[in-house]
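Could you build the full structure based on these sequences and the hints that come with them?
There are 2 protein chains.
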Amino acid sequence: MPRADDVEDQTRKARKHLATNLIVMRREKGWSQEDLALEAGLHRTFVAHVERGARNISLDNIERLAGVLGVETYELLVPFSGEK
Amino acid sequence: MPRADDVEDQTRKARKHLATNLIVMRREKGWSQEDLALEAGLHRTFVAHVERGARNISLDNIERLAGVLGVETYELLVPFSGEK
Numbered sequence: 001m002p003r004a005d006d007v008e009d010q011t012r013k014a015r016k017h018l019a020t021n022l023i024v025m026r027r028e029k030g031w032s033q034e035d036l037a038l039e040a041g042l043h044r045t046f047v048a049h050v051e052r053g054a055r056n057i058s059l060d061n062i063e064r065l066a067g068v069l070g071v072e073t074y075e076l077l078v079p080f081s082g083e084k
Numbered sequence: 085m086p087r088a089d090d091v092e093d094q095t096r097k098a099r100k101h102l103a104t105n106l107i108v109m110r111r112e113k114g115w116s117q118e119d120l121a122l123e124a125g126l127h128r129t130f131v132a133h134v135e136r137g138a139r140n141i142s143l144d145n146i147e148r149l150a151g152v153l154g155v156e157t158y159e160l161l162v163p164f165s166g167e168k
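If you read the sequences in order, they're chains A and B.
Our numbering puts the first sequence at residues 1 to 84.
Our numbering puts the second sequence at residues 85 to 168.
Treat the hints with care, since some could be wrong.
If you want the ones that stay clear, here's a sample from chain B, every Cβ over 10 Å from chain A, calculated [claimed, not checked]: (1) H101; (2) I107; (3) R111; (4) E112; (5) K113; (6) F130; (7) R136; (8) G154.
Subject to a maximum C-alpha distance of 25 Å in a straight line, what follows is the list of computed SDA-like cross-link-like pairs (lysine to any residue) [what the hints assert, rightly or not]: (9) A:K13 to A:E75; (10) A:K13 to A:E28; (11) B:K100 to A:E28; (12) A:K16 to A:G30; (13) A:K16 to B:N140; (14) A:K29 to B:V162; (15) B:K100 to A:A40.
FYI, nobody ran anything at the bench for these hints, they're computed from the structure.
Given the structure is predicted, the values throughout are model-derived calculations rather than measurements.
Virtual Cβ for every residue (Gly too), placed ideally from N, Cα, C.
In structure tokens, the structure reads:
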């Protein structure tokens with residue numbers, strides 16, 4: 001029986017959705033990772049890790065990224081449809 | 085000029101949306117905070133704090149809560165419409 005602690009090792013779909021949306025939306029603005037990091041007041045390395053799904057980002061920081069990208073926080077977590 | 089560090093003190097809309105959705109969805113299941121915490125493998129106090137918007141929860145834990153509530157992670161952050 002899987003324990004709740006294993007959940008994050010099983011899927012982490014949310015991290016992947018966030019990573020894809022971040023990359024797509026950042027590029028639409030013509031921003032580098034460093035540009036996005038500067039705008040959001042975060043470290044470039046942190047942003048790079050989030051874009052690889054390697055970091056368990058907090059809600060406040062997701063909201064901060066959404067704010068500078070001009071979208072609602074939940075939009076960063078919607079599965080990427082590929083259309084736009 | 086507001087600094088990025090101030091953003092979390094200004095609005096924290098995302099925390100409020102999450103809190104409202106958690107409470108509504110939990111009650112729809114007839115669960116107490118303790119029930120939800122047990123299902124998600126989290127501490128009851130932690131869930132209580134998140135439902136008050138007093139806690140900066142991580143994405144992995146939001147995903148965990150969404151999983152036991154049977155919704156997609158982003159659905160916990162969509163502004164609550166009041167309809168259902």
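### Query
Which of the numbered hints are not met once you compare them with the structure shown?
Hints 1, 11 contradicted; others consistent.
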